[in-house]
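Chain residues, written in single-letter form:
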Amino acid sequence: MAKESIRDKTAIVGVGCCKFGENWDQSPADMIVDAAYEAYADAGIEKPQEEIEAVFTGSLYTTVGPHECSDALKLFGIPVTGVSNYCATGTEALRCAVMSVAAGLYDTVLVVGYDKPKDRGVSGPSVMLDGVRSLPRTPAGWFSLCAATYFKKYGAGREDLARIAVKNHHNGTLAPNSFLKREITLDEALGGRMISWPFGLYDCAAQTDGAAAAVVMRADLARARRDDAVLVKGVTIQSGPNPQKDPSNDFLSWKPTAWAAEEVYAMAGISDPSSQIDVAQLHDCFTLTELLSYEDLGFCPKGSAPDHIRSGRFELSGDLPVNTDGGLKAFGHPTGATGVRMIYENVLQLQGRAGDRQIPDAALALSHNIGGHPTVCGIAILGLP
Amino acid sequence: MTGITHYAAYIPPTRLPVGARGNAPPQPGGPEKAVAWNDEDAITLAVAAGRNCLRGIDPQQVDGLVFASTTHPFQEKQAAALIARALDLRRDAHSTDLGGSLRAGTTALRTAWDAVEAGSSRTVLVIASDCRMAAPGSALEANLGDGAAAFLIGNQNVIARIEETHAISDEIVDVWRRTGDPFSHSWEDRFVIQEGYAPRTQEAVEGLLAKLGRSRSDYARYVLYAPDKRSHTGLTRALGVQADQVQDPLFGRLGNTGAAFAPMQLVAALEEAAGGDRILVASYGDGAEAISLEVTEQTRKTDPPRGISWHLARRRPVPSYQHYLESRGLTPHEWPGSDGPGLSATVHFRERDDDISFRGQACRKCDSIQFPAQRVCETCFARDEFDPIRLADRVGRVVTYTLDFFFPTPDPPTVVSVVDIDGARVHIQVADCPPEDIEIGMELEFSFRRIHEAGGRPNYFWKGVPLA
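Going down the list, the sequences are from chains A and B. The first sequence begins at 812 in this note's numbering and counts up one residue at a time. The second sequence begins at 4 in this note's numbering and counts up one residue at a time.
Honestly, I wouldn't trust all of these hints.
Claimed, not checked - Below, a list of computed lysine to aspartate or glutamate pairs in the EDC-like style, where the Cα atoms sit at most 20 Å apart:
id : chain 1 : residue 1 : chain 2 : residue 2
1  : A       : 1056      : B       : 446
2  : A       : 929       : A       : 836
3  : A       : 964       : B       : 442
4  : B       : 232       : B       : 247
5  : A       : 820       : A       : 1038
6  : A       : 963       : A       : 1061
7  : A       : 964       : B       : 439
8  : A       : 1056      : B       : 390
9  : A       : 964       : B       : 440
10 : A       : 1056      : B       : 442
Treat the hints as calculated values from the structure; they're not laboratory data.
I would like the entire structure built from these sequences, with the hints used as guidance.
Written out as structure tokens, the structure reads:
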């Protein structure tokens, strides 16, 4: 099949993102309105009720469904669809929007990702218990299962992980809407209380409230609207087996990421991601997830990530900066919003609007979501015309 | 000839020093007792003892299970049916719960003996197990221990022939626990011993000797239930038997394990017995009961079981008395345990082969083994082409692991592993393994444990434990 058929068919003409954090005084509707109206303004949309033709909304924790979004924005009489695909929900919502516009059904659609985990009365991710043999289990307990194996095979250790946390905390201080704005030292990162070995507190993303939005438009119409409209080069979702019962899993990489990368690079016409991609937002739910993703995405060979981390390659001054806004670690992780927040950051980077964290001359940007045990990966690639 | 053909025990590895208090690490070397940890109860101890007893035996040949305990977690719901599932017994093996009295363990032995003697069953598994709780700081607390014993009763290759039994029942309120009571109560101990335990047990022993026309010296071993060491010594004197005839009751090492106490001492006696030895077992509770056994030469032909000495050598001192209280749910918490509707009973029902029997499946097309049961093969994608296969008795290998500091347990972290069982991958907790000991490639066997209490009910699944 012609993977490249999606390339450059659609563009992002506006993005918005509310302040991520413990938004005790904001309802989901408040955050959705903040993000969507910022995106409207960015896109030059003055009458959303007339211009938005469909909405794709992503939330993992909503108990209300897509109506929560259409009611907040008073978008009625159009299709409003809620999607859910674990922590890749935000990228999934974008993908559905892009496909609907590329198919020619709509000219202008809105993507909204949001979640409000801080209304649940618990700190950290939910402890899921859905079967007799399902232990009360946490995402930290799933994602840390690659550590013992990776450390043993490649001689890596907790310090390699801690460097990622230090980097992302630093980047978070430069992003106005990020949750954590505090530099940390390597010793602090290593000294946090243990959550699920080898993950200490600073290896875990900050779960926050938040919402992000993007307006997706037919590429030819987008160019008429603004010169710097960012093109969607490719967007995909790949499902994978449950790594905990997959008989062939080596616990050195997450299969869906490698599969999604292969597909999205074909869509975008990328042959050497390591040199072609200028900036990337990776799913650092845990530091090790970011480390493995460097390799699974082809940024560096398997087993070499610790060397590349130590060289500073993924820092703002490196040749492939990753998580320029602090990532899930410091910007925050409202599950359904995260994929869309990454789109927001990549659009700002490509348009030269990223302030103190701006990567010079960024022309091709990747965003990556991973979710489930992990059992799904979503990747979107944006580029300048 | 009907009698014991196989036997074994289970003692939880955790040991609580008698007299331990507070957060201080207990002093080693003094008297201690075996205590079930928070993932163990009378059911899991019973399954462990039953599996030890059935090592190398096809569980399908067992015709029935008699389970004795005063601490089965349910008032209404059979324990034996659950234990039979976990042991993978035949569905038409009869299952019976006995409880209500501390002599339920010996009653279970007699019941099984009766069934085989009568010819209604060829092979009956007997398991006695107890996890009684004493109020913190009470006199009882120093004496109660947790453990289980299991015997296979049959008429082929008998190790110890059951010759005769004698029982008397009595009405007395001496030791009791009402429905819903967490702790055992006791009337004044002088009354309990002088009017209850000592004379009634003596009466049962003497009644049995009279029935058989035997004298005290005809027995190599007396296995005597006793609530505590002092009353055990008193009964021995009253009976007039020599010290070398008396089985060590293991106070200070095991503790009084209730309905399992006399049966566990019998296991210890059988471990040391020679062909021709006679053993007299006596237990007490609302009356008393005595059983006479004669050890056969078959005992020399059997491998040493996972019995009392095997388990006593495997001990983990409790980190502190406070940890013990936590593990038994005896400390107040801001939130009660998991309540709410909890787990779906229909899901539990559908998954009972996976969760209770720990069955996986073998693909008929590609031979791969997988867990849990699923419709489409994980490896070759064949649909509905599987045979069930029991994983519980296999050995697994640690593929990877993590140490979970969030899982609610009295002594975090919890070791969690992905284990490979002949190709099947299972995400499973590891018990009885210090966090510093877990490593990739380590071999594990499997142990049936109480996994959580979502819904206010005990829920069971298997855990890995280091291969013994």
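Item to check | Numbered hints the structure breaks, given as an ascending list | outcome: none
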